[in-house]
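*Asks:* The residues making up each chain are set out below.
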Amino acid sequence: ETGVTQTPRHLVMGMTNKKSLKCEQHLGHNAMYWYKQSAKKPLELMFVYNFKEQTENNSVPSRFSPECPNSSHLFLHLHTLQPEDSALYLCASSQERLAGGTGANVLTFGAGSRLTVL
Amino acid sequence: GQNIDQPTEMTATEGAIVQINCTYQTSGFNGLFWYQQHAGEAPTFLSYNVLDGLEEKGRFSSFLSRSKGYSYLLLKELQMKDSASYLCAVLAGNTPLVFGKGTRLSVIA
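Line by line, the protein sequences are chains A and B.
Here the first sequence is numbered in this note's numbering, starting from 1 and rising by one per residue.
Here the second sequence is numbered in this note's numbering, starting from 1001 and rising by one per residue.
Next up, chain B with everything else stripped away, as it sits in the complex (with noise of 0.2 Å):
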């Protein structure tokens, strides 16, 4: 099976910077996603890593380690509308992905 760790909550500051981090333990692994998903809505895609280093997308850098078995999503220059859910997600072997429980982030002013 795979394990999937992720903090529960989050709170940055409009204009800041945010980092989220997440750990996993599997075998066999194709590649680590990272979704949003704002409340009501559907998760929508952010990112993709299946090599070790940074990945950087606008304001969104998504970061993996595959020795440490570990991956951020760093979010800059923090927007209100940034406050959402923030899903981690394992691709492994030969199952669908599989998630973490996500990081609600609340931005505040």
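The following block holds chain A by itself, in its conformation from the complex (with noise of 0.2 Å):
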């Protein structure tokens, strides 16, 4: 377990389906990321959250949609995708979103909920 958990760790929906992924972390950061991992590309980072706060939105399409109740929970909300859409999705979090040093900057990332739309 590496103290971000993530859930469901595989789905499967339609183009017409609403889901949602959900991310947990019980190492006390206080900021949180969703990265998409596609084959053969490096991982695309989507949305960064600081303290509640959403501080990136890396142009990233409507039909995902993030949020951030908590420091210790994000979520990713699902609905009309495209098949092009299907990949690992990771959540990661980090103590701060940006200082200077290692600690402070070191991603814990979960599993992935690896994701297919049909």
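I should point out that these hints are in silico values taken from the structure, not numbers from a laboratory.
A few of these clues could be false.
[Claimed, not checked] Stretch-level coverage of chain A by chain B, calculated; a stretch enters the list once three of its residues show a Cβ under 8 Å from a Cβ in chain B:
id: 1; region: 43-53
id: 2; region: 64-71
[Unchecked claim] Using C-beta positions, here's what the derived DEER-type ranges look like:
id: 3; chain 1: B; residue 1: E1014; chain 2: A; residue 2: N17; range: 31 to 37 Å
id: 4; chain 1: B; residue 1: I1017; chain 2: A; residue 2: T7; range: 38 to 44 Å
id: 5; chain 1: A; residue 1: E96; chain 2: B; residue 2: D1052; range: 23 to 29 Å
id: 6; chain 1: B; residue 1: H1038; chain 2: A; residue 2: T16; range: 20 to 26 Å
id: 7; chain 1: A; residue 1: E84; chain 2: B; residue 2: N1021; range: 28 to 34 Å
id: 8; chain 1: B; residue 1: L1074; chain 2: A; residue 2: M15; range: 43 to 49 Å
[Claimed, not checked] Calculated lysine-lysine pairs in the DSSO-like style (CA-CA distance at most 30 Å, straight line):
id: 9; chain 1: A; residue 1: K52; chain 2: B; residue 2: K1057
id: 10; chain 1: B; residue 1: K1057; chain 2: B; residue 2: K1076
id: 11; chain 1: A; residue 1: K19; chain 2: B; residue 2: K1081
id: 12; chain 1: A; residue 1: K41; chain 2: B; residue 2: K1101
id: 13; chain 1: A; residue 1: K19; chain 2: B; residue 2: K1068
id: 14; chain 1: A; residue 1: K52; chain 2: B; residue 2: K1068
id: 15; chain 1: B; residue 1: K1101; chain 2: B; residue 2: K1068
id: 16; chain 1: A; residue 1: K41; chain 2: A; residue 2: K52
id: 17; chain 1: A; residue 1: K22; chain 2: A; residue 2: K40
id: 18; chain 1: A; residue 1: K18; chain 2: B; residue 2: K1081
id: 19; chain 1: A; residue 1: K41; chain 2: B; residue 2: K1068
id: 20; chain 1: B; residue 1: K1057; chain 2: A; residue 2: K40
id: 21; chain 1: A; residue 1: K19; chain 2: B; residue 2: K1076
id: 22; chain 1: A; residue 1: K41; chain 2: A; residue 2: K19
id: 23; chain 1: A; residue 1: K19; chain 2: B; residue 2: K1057
id: 24; chain 1: A; residue 1: K52; chain 2: A; residue 2: K18
id: 25; chain 1: A; residue 1: K18; chain 2: B; residue 2: K1068
id: 26; chain 1: B; residue 1: K1076; chain 2: A; residue 2: K22
A virtual CB, placed ideally from N, CA and C, is assigned to each residue, including glycine.
Hey, can you piece these two chains together into the complex? The hints should help.
*Replies:* Pasting the structure below:
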């Protein structure tokens, strides 16, 4: 267990469905992130939250909607997705969003949610 | 923007040494990270370099040359369990970590 828990681990959905991915961290971190990992592509940053406030939206389509009710929980709400959205969605947390030095910037990742859109 | 380049795949023999290179182009460099990711698992932190030189941690070492925009991860005494993807990531300016595509390492007997 990495300290960052993601559910569900696997999700299959149709293009008209609405579903949500959940992330929970037990590390006392203040920053949380959503990354998308597709085959043969680098990890793509989607959203960043720092102290529950969204600080980055990396030009993500509105069919992905994040929610951060508190510093320990992060959701990604999904609706009317496309087949090309099929990927591994990784949640991560860090002590602070940006600060000098190693400790504050080390990202701790969850194991990911494997999404398949039919 | 940032450009991070690393080989797509490498193969090495159990017990050998392998070096995985990473080159980057960025402004406002604040540090370089290496992560290990086994198939189906979370990426895990391996090393962080912000100053030039070699950082050693057991069988793994990481090197950085800021003037050349170059880093490598050195794995010694390779074991089968080292088969994984190795991700190079750069912290620069005011942006969160940007990752390369990763290098898939296969360790064979």
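*Asks:* For every hint, state whether the structure bears it out.
*Replies:* These are the hints, each one checked on the structure:
For the region 43-53 of chain A, the stated coverage by chain B holds: 3 residues have a C-beta nearer than 8 Å to a C-beta of that chain, and at least 3 were required. Remark: the region 64-71 of chain A is not confirmed as covered by chain B, as 0 of its residues place a Cβ nearer than 8 Å to a Cβ of that chain, below the required three. Hint check: E1014 (chain B) to N17 (chain A), Cβ distance near 45 Å, so the stated range 31 to 37 Å is violated. Taking 38 to 44 Å as the suggested C-beta distance range, the pair I1017 (chain B) and T7 (chain A) conforms, at roughly 40 Å.
Between E96 (chain A) and D1052 (chain B) the beta carbon distance is about 25 Å. The supplied range of 23 to 29 Å therefore holds. At roughly 35 Å, the beta-carbon separation of H1038 (chain B) and T16 (chain A) lies outside the given 20 to 26 Å, and the hint is violated. Checked against the hint of 28 to 34 Å, the C-beta distance between E84 (chain A) and N1021 (chain B) comes to roughly 31 Å, which is consistent with it. Distance hint for L1074 (chain B) and M15 (chain A): a CB-CB separation of about 46 Å, consistent with the stated range 43 to 49 Å.
Note on K52 (chain A) and K1057 (chain B): the hinted pairing is violated, with a Cα-Cα distance of about 35 Å set against a maximum of 30 Å. Distance check on the hinted pair: K1057 (chain B) and K1076 (chain B) sit about 11 Å apart at the alpha-carbon level, within 30 Å; holds. Restraint check for K19 (chain A) and K1081 (chain B): the C-alpha separation of about 35 Å exceeds 30 Å, so the hint is violated. The hinted pair formed by K41 (chain A) and K1101 (chain B) meets the criterion: a straight-line CA distance of about 5 Å does not exceed 30 Å.
Between K19 (chain A) and K1068 (chain B) the CA atoms are separated by roughly 46 Å; this puts the pair beyond 30 Å, and the hint is violated. Restraint check for K52 (chain A) and K1068 (chain B): not satisfied, since their Cα atoms lie roughly 38 Å apart, outside the 30 Å limit. A threshold of 30 Å between alpha carbons decides the hint, and for K1101 (chain B) with K1068 (chain B) the separation of about 20 Å falls inside it, so the pair holds. Among the hinted pairs, K41 (chain A) with K52 (chain A) is consistent with the structure: their alpha-carbon atoms are about 29 Å apart, no more than 30 Å.
For a cut-off of 30 Å, the pair hint linking K22 (chain A) to K40 (chain A) stands: about 25 Å separates their Cα positions. For the proposed pair K18 (chain A) and K1081 (chain B), the alpha carbon gap of about 38 Å is over 30 Å, so the pair is violated. Of the supplied pair hints, the one linking K41 (chain A) and K1068 (chain B) holds, its CA atoms being roughly 24 Å apart against a limit of 30 Å. A distance of roughly 29 Å separates the Cα atoms of K1057 (chain B) and K40 (chain A); the hinted pair therefore holds under the 30 Å criterion.
Proximity of K19 (chain A) to K1076 (chain B) is assessed by CA-CA distance (about 44 Å); at most 30 Å being required, the pair is judged violated. Taken as a hint, the K41 (chain A) and K19 (chain A) pair is honoured in the structure, with Cα atoms around 24 Å apart against an allowance of 30 Å. Taken as a hint, the K19 (chain A) and K1057 (chain B) pair is broken in the structure, with Cα atoms around 42 Å apart against an allowance of 30 Å. A C-alpha spacing of about 23 Å is found between K52 (chain A) and K18 (chain A), which places the hinted pair at or below 30 Å, so the restraint holds.
For a cut-off of 30 Å, the pair hint linking K18 (chain A) to K1068 (chain B) is broken: about 47 Å separates their Cα positions. At most 30 Å may separate the alpha-carbon atoms for a hinted pair to count; K1076 (chain B) and K22 (chain A) exceed this at roughly 38 Å.
Violated hints, in rising order: 2, 3, 6, 9, 11, 13, 14, 18, 21, 23, 25, 26; the structure is consistent with all others.
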